[in-house]
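Visitor: Read off the chains here:
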Amino acid sequence: MSSITLTVNRQRHTVDVDPTTPLLYVLSDDLGLRGPKFGCGLGQCGACTVLSGGRAIRSCVTPASAVAGAEITTLEGLGTVDRPHPIQKAFVQEEAAQCGFCLSGVILTAKALLDQNPKASDAEVRQAMSTVLCRCFTHVRMLRAIKRYRQEV
Amino acid sequence: MLVVTFGTASVVGAQGPFDTRPSHIDPQKLDSWVAIAADGKVTAYTGKAELGQGMFTAQTQLVAEELSVPVSSVTLVQCDTSVCPDQGTTSGSQSTPTNFNERNLAQAAATAREALATMAATRLGVSRDQLAIDGGAISIKGNDSRRVTYGELLAGKAFNLHIDPQAKRKPAGEWKVLGQPVPRLDMAAMIAGEFEFIHNVRVPGMLHGVVVRPPAPGATLTGIDESSIAGMSGIVKVVTRKNFVGVVAEKPWQARQAAAKLKVSWTQGTGLPSPRDFYDYLRKQPSRDAFIVNSKDVDEKLAKAAAVIKATYLHPYQMHGSMGTSCAVADVQGNKATVWSPTQSAYPTRSGVAMLLGLQPDSVRVVFVRGAGCYGINGADTVSYDAALLSQAVGKPVRVQLSRQDEMAWENYGFPYVIDQRVGIDGDGTIIVWDHEAWFASMGGRPGTSTPGNVVTGMLAGFSPAPFAPRAASDPTGRFNNGSNAAPSYVVGRVGTTAGGAGVVASERVLTHTSASPFFTGPLRSPSRLQNTFAHECVIDEVAARVKADPVAYRLRHVSDPRLKQVISEAARVAHWEARPSPKPGARRTGVVSGRGVACVVYEGDNGYVAIVAEVDVNTASGKVIAGRLFVAQDCGPVSNPDGMRNQLEGGALQGLSRALAEEVTWDDQKVTSIDWRTYHSMTLGDEMPAVESVLIDRHDVEATGAGETAITVVAAAVGNAIFDATGVRIRQVPFTSERVKAALAAR
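Chains as they are written, first to last, in the working numbering: chain S, 1 to 153; chain U, 1001 to 1748.
The set of hints was computed from the structure by calculation and includes no laboratory data. Errors might be hidden in some of the hints.
[Unchecked claim] Example chain S residues on the side facing chain U (calculated, C-beta under 10 Å, incomplete):
id, residue
1, 34
2, 38
3, 105
4, 137
We put the CB at the ideal spot given by N, CA and C, even for glycine.
Kindly generate the complete structure, drawing on both the sequences and the hints.
Guide: Below, the structure written as structure tokens:
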């Protein structure tokens, strides 16, 4: 076990865990966050996505010790039900979810891309989203929401 | 002291539709469904669960509508066996028919409204027909000052009434809340990351379990070397029960590491049929056979037909492949158990857990908490059993979330199918005889109240899947039952003296053979209906092409059902369908070529009407198929929430596309090899996805049907027909992967 300090959603937390513990486990179990989810544990589906210094990373295959000191943002760190982030608002406006389990991957991957490259083309959006799954196949609405956010930023 | 228990025998004897069984919540009593607090807030109780399909919002709208209160006044409690009525399983596109037509939740809310009106009439000293009801209050028409609220009428008391089957439902023409595109009530919380899924449930003192599954089907446990994890931190217990193995630890990462390191010995698996010739293998197995229809003149008509079009269609095992691996939390203390579960079957799971733990069903409480979308049956039931077994072994609450491999290698797959079609036409090119013969494989399925062995954990713990017995086919009796869409839409569907089909072809034979599957199977969104419809809707295209008829016109020529005709015509209209035979004249043999295809179905024979037009591009060099646009017309009776229905329709259509183009379970001689998203292919958010244009026919003069499985049923056929239209090549095997399409193009 070792003591690791993480900054998550602008709050500092010190946890005492096995340093190989994936970040997702710390976020879900030690910090009780609901946004990032265990989908595959293999970095293949996107459900565990968080932002680390603005980059979308897969928290299920990132050891917590590797992001000590970084600024981590989870889906709930973007905004709230009452004060959603503009990309969350775009998803609400498009009713762009069914079961909702994939949303961290979809929203945070798109946000990371568009924050870095606000004029990303449709092809660039597709490229970025090519490692993200939604098994309810809410694709049409989600891509509409992403484009709505792109127009606004 | 009064002790009420249900013995297993009486439970089985009392089973109703969808495995329902009596509970202490009496569905005849109004208070089982609706409660109104002194402040006027409404709480409604349902046995039908939100699975991502929008049912939570639609049911809330239903209660609000019948009670004339705002949606915001209604709190819906779903599938908690301590307070909700037993409505069996949320499945089969039955939640809307069950709760929105003339019984159950809808009738309860209508009964409550009329009971309140009766009370108000007495209180206000006028007759019922002089009352106006709105916003949770009842007033005298034209005199708003003489007004009493629901809260005042009931003063926090129960109704103490039975459901009144005569209580008048609100006609769709008067709806204010139902029928509106009310935004999903859970949407904002999901998008903000605040929504509580089963995966977020934390119970005080909770431990974490990880299961260790056998390496291959049929492998049995021979030993465990616990010293292999000696010294690892946080280990609480290694648990075994026959072939069930799990590790419980204080923290989830500890449990996962220990489960990976634990030395467990197993016998070799019992071996699997070769994937190379699996479809031939399917045809040769002992089978349980059934005629859906049999007009007894089929052989004679086929012999006399001007031409007979024959084709064989193949459909693989496919997965539910939930986005989240399944998760549950169980707390077993002595002879009491609580299970927080994403199961679609709260009451049946209660019985299954009770059997596994040796408890009475009434000592088990199942509380539904939402999981990831399941599309039929994912690992929700099995992981509930896992958590229950581990919790019982350690006497503390245990949370289990499956690994991706454990979810995928052991889930209950959608059925594989081989379908032979023989369709005879007369000299005018009209179909005069239809012969359909199908072979598919099945093992296990939904556990229901008494068969926990239908899913992997139950089997590992010593229960058998439902037994399989070969049986010769006998003639159908009763009424035409096309629940699996084994009969095409074009036959009359005659059983006895009545014809229940949607078509005009009188010589009809539909024979199905069910054999034992080497893998667990279960209902995967549109189970059997999709596979059968793929074969029906492709072969009618083959016949239309043979007689050089337009595929839309040719379908209409053989359909008698006006609602099916209408959806076909509507899909063609919005797609600007160009009437002509397939394949497209003058198609090039190189480069990217385009085509369009149509398909339709009366889902389950009576549970929704849908037609689709698919436009595709086929890259003749790579074999890659891209769907450009999908046009879907759907008639599911009165629409509760048009945006929710469109969301289901769009998701179904695109999930159907992924299943048509990409998805197939693979295995070797011992084990399943589709164990993650690299080895089981799902279309991603980055794949080129079609725009989906939908037409909803909102019909108020009929009962509501399901709408969650309609669109998905027709996609593979429409895409296959569009590939044929574009290339002149017919692909009769799903999925239409680039390799398969390329090979078929090379062979032409």
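Visitor: What are the numbers of the hints the structure violates, in ascending order?
Guide: Those not satisfied: there are none.
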